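S.K.: Generate the whole structure from the sequences, applying the supplied hints.
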Amino acid sequence: SQQGEEDPQALSIQEGENATMNCSYKTSINNLQWYRQNSGRGLVHLILIRSNEREKHSGRLRVTLDTSKKSSSLLITASRAADTASYFCATTLIQGAQKLVFGQGTRLTINP
Amino acid sequence: DVKVTQSSRYLVKRTGEKVFLECVQDMDHENMFWYRQDPGLGLRLIYFSYDVKMKEKGDIPEGYSVSREKKERFSLILESASTNQTSMYLCASSFFRTSTEAFFGQGTRLTVV
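If you read the sequences in order, they're chains A and B. For the first sequence, the working numbering assigns the number 15 to the initial residue and increments by one for each residue that follows. For the second sequence, the working numbering assigns the number -2 to the initial residue and increments by one for each residue that follows.
Since the hints were derived computationally from the structure, they do not count as laboratory data. Values in this document were obtained by computation on a predicted structure and should not be read as measured data. Glycine residues also receive a C-beta, built at the ideal position from the N, C-alpha and C atoms. Check before you lean on any hint, since a few could be wrong.
[What the hints assert, rightly or not] Below, a list of computed lysine-lysine pairs in the DSS-like style, where the Cα atoms sit at most 27 Å apart:
1. B/0 with A/113
2. B/0 with B/68
3. A/113 with B/68
4. A/40 with B/52
5. A/70 with A/113
[What the hints assert, rightly or not] Output of the computed footprint for chain B on chain A, the stretches with three or more beta carbons under 8 Å from beta carbons of chain B:
6. 75 to 83
7. 89 to 98
M.R.: Pasting the structure below:
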């Protein structure tokens, strides 16, 4: 079963605007990661946030984690056309071996 | 740079054939993963391995098996390919630590006819 669920499934915004994607998960985690996938390609790691962290920044990316709500958000500021891609959250669970379980993804389109 | 290489970018096989998808990583990673990706379903874990000859089932192992005889190589086997196994297959690897990123191959788009 899917651990993470992203929301929205698709998002279309104008270049320069901020994009926010959300991820909810079901069971306790060690960490949560965000990945990006350009059309038809493999995934590229963007950022990792540990379960004891609440917020993390990397360039134009800001990730928050609320373990009480079992949710995370990814904010991309000042979006660019090149940010058009699918974005996935993935979790590593506390229980069991280090399975990396992905959500269904958010398809982000940046309109010039 | 870390490299995860999948043996084929595109593959077309016939129903009933035995299919091997190969994945090789060059970073001495302990963990290796096989996912399939279908529209609207995201990435679903088929199998993963945390050591040579060790494997664990993911969420959708039915119809698949895996082999890890060497640390750098993780093979996905479709014993008897069926049309519902037409999909994009993604291999990934990572270190055996609790907070570590995974590196992905470029994907193999398999079509079973």
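S.K.: With reference to the structure, classify each hint as holding or not holding.
M.R.: Hints, verified against the model:
Under the criterion of a C-alpha separation no larger than 27 Å, the hint pairing residue 0 of chain B with residue 113 of chain A is consistent with the structure, at around 20 Å. The straight-line distance between the Cα atoms of residue 0 of chain B and residue 68 of chain B is roughly 14 Å, inside the 27 Å bound, and the hint therefore holds. Between the alpha carbons of residue 113 of chain A and residue 68 of chain B the distance comes to roughly 17 Å, so the proposed pair stays at or under 27 Å and holds. Between residue 40 of chain A and residue 52 of chain B the CA atoms are separated by roughly 24 Å; this keeps the pair inside 27 Å, and the hint holds.
Annotation: proposed proximity of residue 70 of chain A to residue 113 of chain A holds, straight-line Cα distance about 23 Å (limit 27 Å). Against chain B, the stretch 75 to 83 of chain A contributes 0 residues with a C-beta closer than 8 Å to a partner C-beta. That does not satisfy the three-residue criterion, and the hint is violated. Residues of the stretch 89 to 98 of chain A lying with their CB closer than 8 Å to a CB of chain B number 0, which falls below the three-residue condition for coverage.
In summary, the numbered hints that this structure violates are 6 and 7.
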